[in-house]
Structure formats: structure tokens, C-alpha cells
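**Q** Using the sequences plus the hints, can you model the full thing?
Plus 3 on top of the position in the sequence shown (first one is 1) and you've got the numbering used here.
Hint data in this document are derived by calculation from the structure and do not stem from the laboratory. Just so it is clear, the structure is predicted and the values come from calculations on it, not from any experiment. The C-beta atom is built at its ideal place from N, Cα and C for all residues, glycine as well. Not one of these hints is a red herring.
What follows is a list of derived Cβ distance ranges for each label pair: (1) 241 / 182: 26 to 32 Å; (2) 390 / 70: 24 to 30 Å; (3) 209 / 179: 31 to 37 Å.
Once the Cα atoms are required to be at most 25 Å apart in a straight line, the calculated BS3-like pairs of lysine-lysine come out as: (4) 27 / 119; (5) 133 / 114; (6) 28 / 119.
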Amino acid sequence: AVLDAMGGFADAVRSGKAAGASGKKITDIVNIGIGGSDLGPAMATLALAPYHDGPRTHYVSNIDGAHIHDTLKGLSAETTLFIVASKTFTTIETMTNAETAREWVQKALGKEAVGKHFAAVSTALDLVAKFGIASDRVFGFWDWVGGRYSVWGAIGLPVMIAVGPKNFRAFLDGAHAMDEHFQTAPLASNLPALMGLIGWWHRVICQYPARAVIPYDQRLSRLPAYLQQLDMESNGKSVTLDGGAVTTPTGPLVWGEPGTNGQHAFFQLLHQGTDFIPVEFLAAAIGHEPDLKHHHDLLLANCLAQSEAFMKGRTLEQARAQMLAKGMAPAEVDRIAPHRVFSGNRPSVTILYRQLDPHTFGRLIALYEHRVFVEGTLFNINSFDQWGVELGKELATGLLPVVEGKENAAKRDASTAGLVGHIHRLRGSE
Numbered sequence: 004a005v006l007d008a009m010g011g012f013a014d015a016v017r018s019g020k021a022a023g024a025s026g027k028k029i030t031d032i033v034n035i036g037i038g039g040s041d042l043g044p045a046m047a048t049l050a051l052a053p054y055h056d057g058p059r060t061h062y063v064s065n066i067d068g069a070h071i072h073d074t075l076k077g078l079s080a081e082t083t084l085f086i087v088a089s090k091t092f093t094t095i096e097t098m099t100n101a102e103t104a105r106e107w108v109q110k111a112l113g114k115e116a117v118g119k120h121f122a123a124v125s126t127a128l129d130l131v132a133k134f135g136i137a138s139d140r141v142f143g144f145w146d147w148v149g150g151r152y153s154v155w156g157a158i159g160l161p162v163m164i165a166v167g168p169k170n171f172r173a174f175l176d177g178a179h180a181m182d183e184h185f186q187t188a189p190l191a192s193n194l195p196a197l198m199g200l201i202g203w204w205h206r207v208i209c210q211y212p213a214r215a216v217i218p219y220d221q222r223l224s225r226l227p228a229y230l231q232q233l234d235m236e237s238n239g240k241s242v243t244l245d246g247g248a249v250t251t252p253t254g255p256l257v258w259g260e261p262g263t264n265g266q267h268a269f270f271q272l273l274h275q276g277t278d279f280i281p282v283e284f285l286a287a288a289i290g291h292e293p294d295l296k297h298h299h300d301l302l303l304a305n306c307l308a309q310s311e312a313f314m315k316g317r318t319l320e321q322a323r324a325q326m327l328a329k330g331m332a333p334a335e336v337d338r339i340a341p342h343r344v345f346s347g348n349r350p351s352v353t354i355l356y357r358q359l360d361p362h363t364f365g366r367l368i369a370l371y372e373h374r375v376f377v378e379g380t381l382f383n384i385n386s387f388d389q390w391g392v393e394l395g396k397e398l399a400t401g402l403l404p405v406v407e408g409k410e411n412a413a414k415r416d417a418s419t420a421g422l423v424g425h426i427h428r429l430r431g432s433e
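**A** Right, dumping it as C-alpha cells:
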């Protein structure tokens, strides 16, 4: 029912039927959310850019005022629709940005215009109504689903508006295909199970501290950030399911950048650093720009070259032979050759797909979700809670009046009090 309602609303916005208060068609969507209410849909919107034939889509997450300021300065209130994504409708970052957006609309169009320029993804209907959003513009989701697993439902509304309900359904169909594969495929050919087992082996047996995700696909440039939350918020735990202390390492540090950019940033460490960091490459056989096939061939050649280099490396003898063949003096070869040695035998996994279409993209994201579950099961932890985010949020509430100067910082620890004092001095308030 929610998916059908989303589709109807998306079609209405895309067609102009659900217009702004002045009757003008919506040209820009601004999704306001944080964590799973931002990372998933933002990543998906970029990944599916070739299928994006709806309004321009923007994402505001950070409570830093610069984020919403820089987003709004190029938009017109008459043609902008805000989607406020917050399960409880109390998330401080999201609601602060939403209130700023509402003030922006009211200043330009008047208070009565708010309802035409806002929608919500939430389960708190009373708070949504109080904000000024009508019930037919509210899309709910199960309160037991963590934000990082929510892109498939109402949290994906901005994606659906961008690419249309048909393409969004294809995205879901791809995920369903991976669900069925995970449920039915034999272990020896079960991709999520194999990736989970490899990840567990790397972390627990090999003691590798991190995992680099390198998509050789520019439109997957937000995938590493999305996987940081999916993986690290799920499996960054030190307590077992029964409440005891874990006895092995758990979730690794997950990070990455798109190739070939990463090659010119941190691949030095991956190839010759003292820590072995497994790498996961992702690449499409076919790009979406047929006139730029040479670009894509170069991209794939670089991806395969890196995979081969991590595996094979280069010995001292090979380095010396290469340098001598170029006519370098033997003394110079002796000096430089050790720096050109690559140990090799550094693990990597390469995931290839024909083209990044909605169905393939759905399969890919579901693959990573199930892989996280497999690793969490092997770690004997709960991959579906996130208590680690709570303490800082609780402390921030108490620190706000201290930062504002309404309460004395002396009640805090010496380190925090010192930092607050320095902030006040920098502001000229002391």
C-alpha cells in the first residue's frame, strides 16, 4: 500500500499535477534526512543518474547551516518540494534543517503555502501534522527497520520521483532476485555467503583491520560512504548476542573512493603499506556513454591492472631487470630497486556486471546487505541495533546550553570545559 501511494505521489509530482502553491510545476526535490535517511537515497539517485528524468534532486543532511544554505541559494521556493525523512520526526539535525526550510518557504510564499511544498517519510503522524504536512503526503515505514536498511521503502521516495516508479520497481525486483539467490543458492555458489565468509576470514583469521571499496564506476562514488554506515553501524560491535564480550575482532573499517581517483590518492598504502587491506573492486562491462567507449576501456584496464598488481606484485629481481633494461646505471639500480618492490599476495575481490541499470543496482545493494548479515552472524553479534550512536547524542543535548553560554561549562570535565571556553573566546564572547 505504501509503495502504491509513493508511486501515485511520484507520478503526480513528475507530471505537474502535484504542483507548488503558485501552480508552477516542481523542478527541484530537497530530501532532508541524515544517516540512513540520506546515505541510501543519495547514493541511489547518483547511481541511477542515466534514468533520472524527473525533477532535480538534492540532499541536505548536516546540521551545519552551510549545507542547507548552499543548497537553497540556487533554488526557487515556488518550484521546490521538500521531503522530510525522519522516523520519529524528532531527529535534531533533520528537524533543525526542516524548520529552516519551512521558514524559507514561508518567507517567500506565505505560511499557507507550506503544505504544497512539503512531504514526509515518518511514523509520527501527530508531529508531522503539527509541522504542517497533510496526511496524504506522509509515507510510513516499519519502525523496526533500521535506517541503513530502508532505501527499499518510503525512504526511497526521492529516488522514485527522480527515476520514476517503473525504474524504482526494477530496483526492487533486482533486490528481490538477490534475496531469492541468498535463500536458495547452494553455499558454494551463494554470493552473499561467500563474501561474508571471505570478510570474516580476512578480519578474524588474517587480522586485517580494514576493507577498501573501490567502484570503477563514477556513479557509484557514494557507495563507499553508504557501505560505511551499512557495515560499520551494523557490525561495529564488541558485545555478543547474549551480552558477553566478543573474543575475536568484529567489523572492519570500511572506506574507499571511486577508481581511478583512488589510485592517485591512497593506493600507495594499499600496495606497499605495512597493513594488508583487502580491496573490493566493482566495474561494469558496458558504460552508459557509447560515444566515450575509449574512456570506459581505459577505466576497465586500470581496474584489472590494479587487481593483477595486488595479486602478483613485483620482486626485487624483476624491478632490477626492468631498470637495467632502461639503461640505468647499476649503482642507481641498487639504490632505487628496493623501493620498486611490491610484495603481492594482497587480497582483492572483483565484482563485474554488464551495466549499472536499476535491476543490477538493486541486486548489488542487496548483496552487500546480506553479506553484512552473514558476517554479523559469524561474529555472533546483533547487526540490527546501533547503540553506539546514542551516547554522543545524549551529551550533545546537555552541551547545547553550555555552547550557547546559557550554562556554565565548569560542570563539565576539564577537557570539554576548556574547549567550550576556547570557542567562546574565538567568538569574542569572553
